[in-house]
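Trainee: If you want the building blocks of each chain, they are given just below.
Number of protein chains: 6
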Amino acid sequence: MRTDGRNPSDLRPFAVTLHPNKYAEGSVLIEMGDTKVLCTATVDEKVPPFLKGQGKGWVTAEYAMLPRATQTRNQRESIKGKQVGRTMEIQRLIGRALRSVVSLEALGERTITLDCDVLQADGGTRTTSITGAFIALALAIHKLSAHTNFAKYPLTDYLASVSVGSLQGQTLLDLNYAEDSKAKVDMNVVMTGAGAFVEVQGTGEEAPFTRSELDEMLALAETGIARLIALQRETLGEAGARIGTAKV
Amino acid sequence: MRTDGRNPSDLRPFAVTLHPNKYAEGSVLIEMGDTKVLCTATVDEKVPPFLKGQGKGWVTAEYAMLPRATQTRNQRESIKGKQVGRTMEIQRLIGRALRSVVSLEALGERTITLDCDVLQADGGTRTTSITGAFIALALAIHKLSAHTNFAKYPLTDYLASVSVGSLQGQTLLDLNYAEDSKAKVDMNVVMTGAGAFVEVQGTGEEAPFTRSELDEMLALAETGIARLIALQRETLGEAGARIGTAKV
Amino acid sequence: MRTDGRNPSDLRPFAVTLHPNKYAEGSVLIEMGDTKVLCTATVDEKVPPFLKGQGKGWVTAEYAMLPRATQTRNQRESIKGKQVGRTMEIQRLIGRALRSVVSLEALGERTITLDCDVLQADGGTRTTSITGAFIALALAIHKLSAHTNFAKYPLTDYLASVSVGSLQGQTLLDLNYAEDSKAKVDMNVVMTGAGAFVEVQGTGEEAPFTRSELDEMLALAETGIARLIALQRETLGEAGARIGTAKV
Amino acid sequence: MRTDGRNPSDLRPFAVTLHPNKYAEGSVLIEMGDTKVLCTATVDEKVPPFLKGQGKGWVTAEYAMLPRATQTRNQRESIKGKQVGRTMEIQRLIGRALRSVVSLEALGERTITLDCDVLQADGGTRTTSITGAFIALALAIHKLSAHTNFAKYPLTDYLASVSVGSLQGQTLLDLNYAEDSKAKVDMNVVMTGAGAFVEVQGTGEEAPFTRSELDEMLALAETGIARLIALQRETLGEAGARIGTAKV
Amino acid sequence: MRTDGRNPSDLRPFAVTLHPNKYAEGSVLIEMGDTKVLCTATVDEKVPPFLKGQGKGWVTAEYAMLPRATQTRNQRESIKGKQVGRTMEIQRLIGRALRSVVSLEALGERTITLDCDVLQADGGTRTTSITGAFIALALAIHKLSAHTNFAKYPLTDYLASVSVGSLQGQTLLDLNYAEDSKAKVDMNVVMTGAGAFVEVQGTGEEAPFTRSELDEMLALAETGIARLIALQRETLGEAGARIGTAKV
Amino acid sequence: MRTDGRNPSDLRPFAVTLHPNKYAEGSVLIEMGDTKVLCTATVDEKVPPFLKGQGKGWVTAEYAMLPRATQTRNQRESIKGKQVGRTMEIQRLIGRALRSVVSLEALGERTITLDCDVLQADGGTRTTSITGAFIALALAIHKLSAHTNFAKYPLTDYLASVSVGSLQGQTLLDLNYAEDSKAKVDMNVVMTGAGAFVEVQGTGEEAPFTRSELDEMLALAETGIARLIALQRETLGEAGARIGTAKV
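Protein chains in written order, with the UniProt record's numbering: chain A, 1 to 248; chain B, 1 to 248; chain C, 1 to 248; chain D, 1 to 248; chain E, 1 to 248; chain F, 1 to 248.
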């Protein structure tokens with residue numbers, strides 16, 4: 001039994017509020033336990049310079065934490081004068097992961113920017129950001145599709161992410177902060193609705209891990225992501241109906 | 001009648017969610033119509049260098065808007081590499097206003113930082129931040145008082161703020177964004193529970209204003225702030241009982 | 001009697017040196033007592049991106065203090081790597097105030113930048129900058145008018161600024177640094193030649209102020225600004241003859 | 001057959017020059033094919049603030065590429081004014097990986113900084129940096145051990161890294177730049193001399209990958225790293241004799 | 001005859017206003033023709049970290065130009081976010097030159113900072129800054145000597161600087177901007193009252209120069225500097241009486 | 001006899017490795033004793049904005065030291081967030097010196113950037129950079145000439161640089177770090193193959209120097225540079241055959 005009463009293979013309570021923002025083309029407030037992330041999708045009818053004139057779109061992400069999202073207050077990055085390494089690493093990951101299920105050709109010459117702002121952090125902010133940003137992205141593309149004649153629907157599959165870890169000999173799903181800070185191994189996995197891997201990032205700073213530990217973590221992540229994608233499907237309902245239709 | 005159906009002297013719907021953040025010493029989500037600001041108070045048991053060893057505390061504020069708080073997306077200040085002039089001006093105002101009702105001597109050698117993060121903006125974000133930050137500050141000081149033996153209660157009065165403006169010959173209270181962008185004069189007023197002025201900032205960029213227009217705006221602001229302070233009293237309840245007791 | 005021998009409603013000695021800079025389109029060295037500000041106006045035959053193609057001009061300002069303008073040396077902002085909040089707040093105020101008496105349509109597609117560099121500071125640097133920058137702006141527009149066929153003269157009125165404050169029960173005009181640092185309330189007022197208000201900024205950080213104190217300060221500011229505008233008229237002479245002619 | 005004539009499971013030619021720098025406590029020039037990285041280890045007899053007084057040491061890394069390390073010239077990060085996201089991500093990885101084989105307690109209150117400067121880049125610069133930085137670190141610790149009485153030898157194991165990828169249906173070891181830029185999946189693996197995993201980072205931006213593809217890549221990485229560690233052992237000779245002796 | 005009517009070996013009109021700043025420990029407004037530099041000396045009773053506890057002082061300089069010191073307006077370095085290369089090069093030169101005539105031991109543990117702010121530039125701003133900064137430094141040290149018991153007077157000699165150049169076959173002294181921008185060779189020379197060289201910086205970007213041209217320029221600089229030092233002596237009067245007394 | 005066994009007028013051992021970088025249009029690793037600098041030349045078929053459309057090219061340089069090029073580790077400038085004054089001063093010098101032997105008209109509308117990265121520093125890094133950068137530049141222009149029909153060869157002469165100094169009454173050529181840090185006078189000289197001066201920079205921070213000391217240093221520099229240019233000729237061989245042919 002874990003400190004919050006979960007079994008090793010339990011996700012934390014999952015909650016989604018759709019459209020918390022009246023301006024964004026897509027928005028969602030996602031909660032995994034006490035981790036709360038506000039994700040907004042902004043559609044811009046142009047592309048970055050490196051893509052100009054290629055008939056392709058772009059999907060990118062930015063990530064930040066409010067100063068008091070954590071137990072002790074963090075200095076704002078605007079005051080530091082730059083984004084720190086951890087922020088850049090996370091937002092690069094979110095953008096890369098989302099692009100793996102977007103046909104940039106089908107999207108056409110427009111950019112969708114996903115802003116993931118962590119209102120409260122209790123572990124798993126990057127995986128929760130990916131799971132939430134996918135929903136905001138799906139809402140924005142669904143809204144776009146109302147007045148855009150997509151020959152092919154730009155979203156090729158569902159996408160979600162979860163953390164797994166190894167702590168005191170147990171393999172745990174969806175670590176909270178207390179677990180994460182004591183874990184020997186910490187792994188973030190991103191997968192598609194079809195069950196394929198998009199990102200696998202495992203780190204054994206405290207102690208290296210064996211191949212069989214790795215296999216166990218991957219298997220547990222797989223079950224967690226399948227459940228998250230089922231929740232995404234339910235949440236999106238009609239707005240997700242055309243996802244993946246263009247694939248094959 | 002205003003576009004949102006209000007009379008000239010009406011405030012927008014006011015809503016407060018207490019304790020939206022589980023880590024902060026005080027926190028509040030304040031809504032004035034569609035303007036939503038998350039305010040957290042962080043207590044730090046030390047003071048900035050310029051106050052060391054003087055037996056006095058400090059109260060300061062930081063302000064930011066999420067990128068998609070507005071109709072079109074704004075670039076993050078962490079990416080610009082600095083806070084812009086408007087941000088600095090607003091956070092200096094919030095901190096200065098709050099300090100006017102705090103006895104820094106009574107507070108003792110500690111710093112309280114108020115973070116005002118605008119989740120959605122529809123006009124009046126600086127005045128809403130002040131009104132909300134006061135509540136978060138009051139919650140934090142009330143919590144502090146449980147385990148600190150304050151000889152004198154550090155909060156000397158209530159404090160709230162509202163905007164007033166002049167638009168097409170009418171003096172309006174609590175402008176929303178549509179009104180604010182068309183107003184000839186825009187004024188932000190901060191007052192105490194005792195009805196004294198803390199800040200008066202009136203700007204007539206579109207057109208200069210007369211003394212009688214100024215008097216009318218001040219009078220309207222006065223009524224609006226009195227109502228906001230009544231709402232603060234109700235919201236804080238017991239947590240506000242000792243505010244102002246040390247004064248006189 | 002004040003420490004420098006003035007009565008409460010006296011301005012400090014006012015001195016203006018015209019054309020101290022041989023390159024600028026307009027320039028003035030303004031002195032209010034020991035506060036000395038060098039103001040230059042630069043005319044640029046283009047406008048910022050947000051105004052392109054609209055047939056309108058722009059007026060903007062920048063403000064800085066030399067490192068040893070003050071009693072103790074201040075670090076240069078070029079070494080800090082950015083302008084501090086106070087600087088941004090002041091230069092935004094100067095630009096906004098000046099624009100209130102400029103018809104940007106009449107000016108046409110050009111930008112005038114006012115640089116206000118404080119050589120020596122003894123209180124009231126922002127109000128002195130506004131009063132001096134107006135003169136430099138008037139000189140530049142007068143010079144422009146020699147070879148530009150303005151259908152309508154771009155300057156619609158005179159403009160000046162002064163500080164007032166409340167100190168030990170007295171309302172004082174044009175505070176020097178010693179007075180300013182002890183004042184309970186500090187107010188900066190900007191008005192036009194026609195006697196209308198452009199900016200009113202009152203701050204009661206030390207103590208809130210009542211409506212009647214506010215009224216007294218506004219009345220005193222009004223008399224001071226009227227005197228400053230009379231001095232501007234005299235200083236500009238012919239160069240100011242067309243100011244306000246286009247209004248009505 | 002690959003474009004450079006290698007079989008899918010071949011490493012590129014591996015070359016090491018020991019002590020290319022006369023000042024550093026440890027230094028190595030490592031070459032994997034045309035990728036050349038200069039790694040220096042600097043020993044500093046103090047620790048960062050967050051570790052002060054804990055009797056523990058620290059190992060950290062910095063990474064950079066010379067402007068013309070690549071086919072087209074890159075702007076210097078000193079001119080950009082900051083390290084880019086990719087740089088931060090890589091140097092965080094190098095430091096984290098090295099720390100997994102260092103007993104910080106055994107090292108004592110000192111910091112070792114590994115600088116990995118890429119003189120020429122042809123794919124695999126982060127994995128080559130890890131493999132080379134380990135050698136520089138081992139040399140520095142061996143040198144330290146000559147005049148430091150280590151109760152326990154601070155290096156607990158060997159460590160090396162390699163990339164694997166999936167390209168046109170083939171699983172390839174140690175990708176060069178041409179292969180890397182066309183690969184469907186790109187994976188970086190870091191392992192210890194004992195054959196345990198320290199980091200596994202797989203990215204399928206072009207296309208998601210299956211569990212069996214993942215397994216194949218991991219197996220290939222394992223054989224490559226075993227060969228690299230054998231080369232490290234040979235290179236270090238006596239200087240590596242005590243590595244891992246304290247473990248058990 | 002030069003465009004401004006001077007002979008090749010003439011200096012431009014030299015004017016000095018002492019004590020233009022009421023706060024600085026020493027200050028001077030120096031004019032060489034239309035080049036005007038405000039120099040202030042600030043005495044600080046502490047030294048930079050690298051000198052702590054050595055019983056020695058420090059002399060350093062900062063240089064800047066007001067935005068409209070030149071024919072076209074320059075962007076402020078505070079807005080660029082950094083000092084440009086030219087600024088750094090010049091202020092390093094000024095500081096280094098001044099230190100050559102200061103006994104840092106005699107000065108004791110204090111820092112004197114010379115701020116050289118160019119109000120108007122017409123060539124020779126760096127040499128004029130050195131000549132003026134020396135006077136401000138001398139005033140500050142003279143003032144210090146009134147209440148400091150210097151065993152040895154910290155200023156060991158006079159110091160001045162001038163530019164020389166080669167233009168259309170002529171060797172010219174003290175170039176103005178028009179001459180400087182057409183000169184084939186441009187040389188800045190700093191010398192002491194005793195006639196020794198402190199800095200010689202000659203640059204032949206337009207065309208290399210011969211040894212005999214170099215000799216001619218050095219000789220001309222020598223005569224110019226001798227005249228400048230005579231003017232400094234006269235200007236300082238009593239305040240310069242102890243300069244160089246400690247030498248020998 | 002000097003500490004490294006040289007006579008006062010000896011250069012340090014000179015070594016050059018051509019083409020150490022497979023991507024650059026010209027590259028050289030130059031060693032003067034223990035000072036090692038990697039110089040690469042990058043040819044870009046466009047010019048900076050200030051030269052557009054003038055039919056002229058540009059040559060510029062950047063300089064940096066690896067963190068552990070020196071006895072103690074230096075913080076990276078990318079982490080400081082800017083290039084320091086010394087770096088800017090040196091790279092401005094290198095670029096200016098190289099341009100003195102390039103006909104920008106003959107080069108045509110292209111930019112050549114010389115990157116000088118110091119791998120190991122033992123005094124004389126700026127002079128060694130100039131001598132090495134010239135070779136890289138010559139290689140790049142020779143390579144360009146293979147497919148560009150230069151009416152006039154863009155390199156008008158050879159160019160090299162050396163340091164000289166005055167230490168304990170002796171005039172020394174090509175100072176190493178130990179000598180440089182004790183020298184009373186330090187002078188850097190840049191000259192052409194024809195024996196003309198391009199830059200002369202002498203600094204007497206420790207003590208001013210006389211005209212005869214200056215003459216002695218210049219004479220010694222002249223002999224050193226002549227030897228360096230002979231070595232450059234030999235190194236370049238055929239690649240240098242057309243240098244200077246267009247002059248006369």
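By construction, these hints were calculated from the structure, which means they are not laboratory data. There could be a bad hint or two in this list.
The list treats identical chains as one, so a pair stands whether inside a single copy or across any two.
Claimed, not checked - Capping the alpha-carbon separation at 20 Å, the derived lysine to aspartate or glutamate pairs in DMTMM-like fashion look like this:
| # | residue 1 | residue 2 |
| --- | --- | --- |
| 1 | K56 | E45 |
| 2 | K82 | D10 |
| 3 | K46 | E109 |
| 4 | K80 | E222 |
| 5 | K22 | D180 |
| 6 | K184 | D44 |
Trainee: Each hint: holds or not?
Mentor: Okay, the hints, checked on the actual structure:
no., hint, result
1, K56 x E45, "within (11 Å within a copy, 27 Å between copies)"
2, K82 x D10, "neither (37 Å within a copy, 41 Å between copies)"
3, K46 x E109, "within (6 Å within a copy, 28 Å between copies)"
4, K80 x E222, "neither (38 Å within a copy, 39 Å between copies)"
5, K22 x D180, "between (35 Å within a copy, 19 Å between copies)"
6, K184 x D44, "neither (42 Å within a copy, 28 Å between copies)"
In terms of the numbered hints stated before, the structure departs from hints 2, 4, 6, listed from lowest to highest.
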